[in-house]
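So the chains spell out like this:
2 protein chains.
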Amino acid sequence: MSEFDFSPPRGMRDFYPEDMTLRNAIFSIWRSVARSHCFQEYDSCVVEKLDLLKRKAGEEIVEQIYYFSDKSGRELALRPEMTPTLARMISARHNILKFPLKWFCIAQCFRYERMSRGRKREHYQWNLDIVGEPSITAEAELLTTASEALLALGLTKTEFIINVNSRKLLGEMMEKGGIAQQLWERLFLAIDKRGKIPEETLLAMLAEAGLTSAQIDYVFKILQINSLDEAGSIVGESSAGLKELRYLLELMNANGLGDVIKFDISVVRGLSYYTGIVFECFDSQRKFRAIFGGGRYDNLFSTMANRSLPAAGLGFGDVVITEILTEKGYKPPSDNIETIVIGYYSEEQTMLVIKLANAFRKRGKSVNLSLHSEKPSAFFSRAGSSGAQYATFVGPDEMKTGTLRIKNLATRTEEVHQISEFLE
Amino acid sequence: MSEFDFSPPRGMRDFYPEDMTLRNAIFSIWRSVARSHCFQEYDSCVVEKLDLLKRKAGEEIVEQIYYFSDKSGRELALRPEMTPTLARMISARHNILKFPLKWFCIAQCFRYERMSRGRKREHYQWNLDIVGEPSITAEAELLTTASEALLALGLTKTEFIINVNSRKLLGEMMEKGGIAQQLWERLFLAIDKRGKIPEETLLAMLAEAGLTSAQIDYVFKILQINSLDEAGSIVGESSAGLKELRYLLELMNANGLGDVIKFDISVVRGLSYYTGIVFECFDSQRKFRAIFGGGRYDNLFSTMANRSLPAAGLGFGDVVITEILTEKGYKPPSDNIETIVIGYYSEEQTMLVIKLANAFRKRGKSVNLSLHSEKPSAFFSRAGSSGAQYATFVGPDEMKTGTLRIKNLATRTEEVHQISEFLE
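Those sequence lines, one after another, are chains X and G.
If you count by my numbering, then the first sequence holds residues 109 to 532, one letter each, in order.
If you count by my numbering, then the second sequence holds residues 109 to 532, one letter each, in order.
Treat the hints as calculated values from the structure; they're not laboratory data.
Predicted model only: the values in this text are computed from it and were never measured.
You may find that some hints are simply not true.
For identical chains, the list gives no copy identity; a pair is met inside one copy or between any two copies.
Straight-line alpha carbon distances no greater than 20 Å define the calculated DMTMM-like cross-link-like pairs of lysine to aspartate or glutamate that follow [as the list claims (entries may be wrong)]: (1) Lys162 to Asp178; (2) Lys395 to Glu446; (3) Lys265 to Glu532; (4) Lys351 to Glu506; (5) Lys206 to Glu358; (6) Lys473 to Asp406; (7) Lys304 to Glu221; (8) Lys463 to Glu256; (9) Lys206 to Glu482; (10) Lys179 to Glu221; (11) Lys284 to Glu345; (12) Lys508 to Glu482; (13) Lys206 to Asp127; (14) Lys301 to Glu456; (15) Lys470 to Glu352.
The following block holds chain X by itself, in its conformation from the complex:
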């Protein structure tokens, strides 16, 4: 009687069965690749304490949080990212857990923002985190795992590129330029905006952050750097940030992934908690937004739980990769279960076909049992377009003779069986 808009809430997605097939294919590869690297799966509720999120996120994210109060006045929120929750869960059990630990999850996350291509207000994010390991082997493990997922999804090594940088290196450069450490955080967040906002706005942000115009010139000069050798000429080859980056490239090389990783001075990431190596992966043609991103956050646990735990992590959303796979014409693998469609002529056969359906299921088949009786012509036309491998129809003749003709819908051949074969 009422007119109603049947679309989902703005920025949020419905998954019809055909969408689910693709989503399940992506999730399944995420899970299996993570497990093959011995990451353990965890999860938490999509609703998180607002206070926790406010403490850990960058300014920008706080503005974008969906939040509300429950009936006892607790401030709750839909998590915009998983890292604060991971840190909460690990802090809660830091005396019991064994470090280093490798955890993953596939978590729905929410951000209230203007919508553009590759962004919704919700997405699922595959999170990989390694906690308790100071070595760059952690970053290499993260990047290898994520790269293997892209390869398993059918991308080639020429179709994606991981841009990598180091906040530690950037910090060392800022030090050389006489820029005080307390300015770095705002500086990094401003640099992260480069290319996304007009150059004048960026300049204004840097000035507002407290940089002199000479310092701003220096920052822009730094951002022209193209290679680790150039970076070395500024900070010296003994720079810790530089060494870490060189080591990471070497590790990725050993992994056969040297050609997908590239130093890029402009990568800083928009979250304030990163402390060392940071990275972003894009499609090679840069047609889409970042496929995944992350980095090292060695101070998060000490600010949160007063406990020093080095950590590195990565977030890989489902939206951009879905767009890339769709453009490539990716066909998700179908569930390999063989399916038989069973139809029947009248209610007299109902009990028999139910028993047959059970018998086929016990033999490992998926069974699509008709929910009502119908004519054979209607049944076989429906069965033919169902995608199933087999079909069989039970009518008065079959009941009389005790035989069952099982049609192979692909080869259009049929086998005759005794019904009694299938019933105990």
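Given chain X, put chain G in place with the hints provided.
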């Protein structure tokens, strides 16, 4: 530096890796059983339009909805159940979809309520729905699928019972008792409260609903009925509701599940949209809350989308079944992937072990590669308690001789291989 409470928001759950193993085992059985019955998976966002939920839910549920406004003033909510969303998604495509359709999802749902055993403020619910089918074969298919999931989870047929009733039958009885149809909805919701609230409160609710005291006596008499024959003596054997129940029992019998289903006049369900058969499944000892529940809702699509689509569905939450399985000492199957732990003595072996790790992964193993060098004793003690099947350690000797000793951690035997076997 700050003291922070690391628990999740009240009523919501964290899933540590050991919890995830059990959750994944349940979800995996839900999915595979649904697929073996040819239900197709769908999903939607946990955030739904408040308006949609208000229209479709019973009064009680509306009070329990978590809701909030976004920055454009849209009223949004965390869905308390999946059926309104299912109806929205199907209504949006009713011209394209082929009916009857069988869909399932595993959806997180939220209710703000006082917490008790078997209830949290969030849970995951396996939803099975059949839309476009008026026959009771739909209810039988739902109940068979859910029962098979319970059996697959290791419950025996003596450990659960499905109580079934019919609102149609109840309606016919109310008609016989002269209770006007417009009172039925409130009457059903009151009956649903029986056993959960004091008898006087129930009486007051019925009086408030507009029933005379003679009618209330009649209702209580009806609620004493114990068998379909007794019900038949009131409404007559030609009653539509009675016939449907008898047919359902017959269908379940054909499915070998006649002994898990039982007529129970007191089952009515708390949601206002049910129109026909309703059911609830419990553990046989009634120690826990309902395992699953559902029924037929033939009018939901006509009130919502002005289109007549008979439907039946079922919701099966993860909380109660988790409690039951935990009490039974259920051990979820481990992922069968064979795991090898690889360790190394110093950074000189790093590149070699990375290559070995890749090689083992390509051979289908899960590889737990140490993130830092360590002494063999520390490595093997860690490997031994890791649950992995194999372990191998690379030090200067292995590099010199080019051999690799792979230890089987269960049998404590070892095989010697050439490292070159594994590298291209």
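Structure-based check of all given hints:
Taking identical chains as interchangeable, the C-alpha atoms of Lys162 and Asp178 lie at most 20 Å apart whether they share a chain (17 Å) or sit on different chains (18 Å). Taking identical chains as interchangeable, the C-alpha atoms of Lys395 and Glu446 are never at most 20 Å apart, the minima being 39 Å within one chain and 39 Å between chains. In this assembly of identical chains, the alpha carbons of Lys265 and Glu532 lie at most 20 Å apart only when taken from different copies (19 Å versus 54 Å within one copy). In this assembly of identical chains, Lys351 and Glu506 lie within 20 Å of each other by CA distance neither inside one copy nor across copies; the values are 77 Å within and 28 Å between.
For the homomeric pair Lys206 and Glu358, neither the shortest alpha-carbon distance inside one copy (28 Å) nor that between copies (55 Å) is at most 20 Å. Proximity of Lys473 and Asp406 under a CA criterion of 20 Å is satisfied in neither setting, with 51 Å inside one chain copy and 31 Å between copies. Taking CA atoms no more than 20 Å apart as the test, Lys304 paired with Glu221 passes inside one copy only; the shortest distance there is 14 Å, against 44 Å between copies. For a Cα distance limit of 20 Å, the shortest separation of Lys463 from Glu256 across copies, 14 Å, qualifies, whereas the shortest one inside one copy, 45 Å, does not.
When the C-alpha separation of Lys206 and Glu482 is checked against a cutoff of 20 Å, the pair qualifies only between copies, where the shortest distance is 16 Å, while the shortest distance within a copy is 61 Å. Taking the shortest alpha-carbon separations for Lys179 and Glu221, only the inter-copy value of 10 Å comes in at or below 20 Å, while the best intra-copy value is 27 Å. Within a single copy, Lys284 and Glu345 get their C-alpha atoms as close as 14 Å, which meets the 20 Å cut-off; across copies the closest is 93 Å, which misses it. Taking the shortest alpha-carbon separations for Lys508 and Glu482, only the intra-copy value of 18 Å comes in at or below 20 Å, while the best inter-copy value is 75 Å.
Only between protomers do Lys206 and Asp127 lie at most 20 Å apart by alpha-carbon distance; the minimum there is 17 Å, versus 39 Å within a single protomer. Taking identical chains as interchangeable, the C-alpha atoms of Lys301 and Glu456 are never at most 20 Å apart, the minima being 70 Å within one chain and 40 Å between chains. Taking the shortest Cα distances, Lys470 and Glu352 never come within 20 Å of each other, neither inside one copy (56 Å) nor across copies (28 Å).
Violated hints for the displayed structure, listed by number in ascending order: 2, 4, 5, 6, 14, 15.
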